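Asks: Single-letter residue listing:
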Amino acid sequence: NAGVTQTPKFQVLKTGQSMTLQCAQDMNHNSMYWYRQDPGMGLRLIYYSASEGTTDKGEVPNGYNVSRLNKREFSLRLESAAPSQTSVYFCASSGGLAGASEQFFGPGTRLTVL
Amino acid sequence: AQSVTQLDSQVPVFEEAPVELRCNYSSSVSVYLFWYVQYPNQGLQLLLKYLSGSTLVESINGFEAEFNKSQTSFHLRKPSVHISDTAEYFCAVSSYSSASKIIFGSGTRLSIRP
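Residue numbers (the numbering used here), protein chains in the order written: chain W, 1 to 114; chain X, 1 to 114.
Where hints are given, some of them may not hold.
[To be verified] Not the full set, but computed from the structure, chain X residues with beta-carbon under 7 Å of chain W: (1) Leu46; (2) Leu48; (3) Tyr50; (4) Leu51; (5) Ser106; (6) Gly107.
Since the hints were derived computationally from the structure, they do not count as laboratory data.
Since the structure is predicted, the reported quantities are computational estimates derived from the model, not experimental observations.
Built from N, CA and C at the ideal position, the CB exists for glycine as well.
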């Protein structure tokens, strides 16, 4: 099992460009998440999907959109990238009881916006 | 609303010395508590968790944490650290009603000196 996979690993964008970060999990988990990690701020939730067909905003959703394509895949889109979106992005998934389940993380995407 | 405070951003210790990483939380409902570890250039991995029952929980690599409801704390301890414990550690909180969302602290970077 690959667990949670993310593509790409690294990306450099210019201000105003768009891109989609891809995430897939092979653990048959219902819930999937997108976080950003910035120095000294821990992980902040951007969007999450509690089950296939549903998505909800997290703590910092502005400037992002998501799509839960199917149970396996959850993508994050930046429509018009800004330097403030320079960060490391992590996708995660979890199954089981609400709130009590371990989250499994992907290896991250390091994004730089110039 | 729930929140997590990790009081120390960095903790330097000598190899084989004991260490304590502090975590305090706030919540108006019963909580689940987690410690995640992030090794350099990797995603987060679950280290240990408290859901209910015994307030002392242990990991397979010698870490332990104690849930203290009166002090709203969940400090992480290890009696003797190794170079391989060098990583960033994140405390996190959730609840049954949180729809699988968890709130992460800002992280504590543990650096081990030989």
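Asks: Now look at each hint and say whether the structure bears it out.
Replies: Going through the hints against the structure:
1. Satisfaction of the interface hint for Leu46(X) is found here, the shortest Cβ-Cβ separation to chain W being roughly 5 Å, below the 7 Å cut-off.
2. For the restraint placing Leu48(X) at the interface with chain W, the shortest Cβ-Cβ distance is roughly 10 Å, beyond the 7 Å limit, so the hint is violated.
3. Against a cut-off of 7 Å between C-beta atoms, the interface hint on Tyr50(X) is violated, since the closest Cβ of chain W lies about 10 Å away.
4. The restraint placing Leu51(X) at the interface with chain W holds, with a minimum CB-CB distance near 5 Å, inside the 7 Å limit.
5. Taken as an interface hint, Ser106(X) checks out: its beta carbon lies about 4 Å from the nearest beta carbon of chain W, inside 7 Å.
6. At a threshold of 7 Å, the smallest CB-CB gap from Gly107(X) to chain W is about 5 Å, leaving the interface hint in force.
When each numbered hint is compared with the structure, violations occur for hints 2 and 3.
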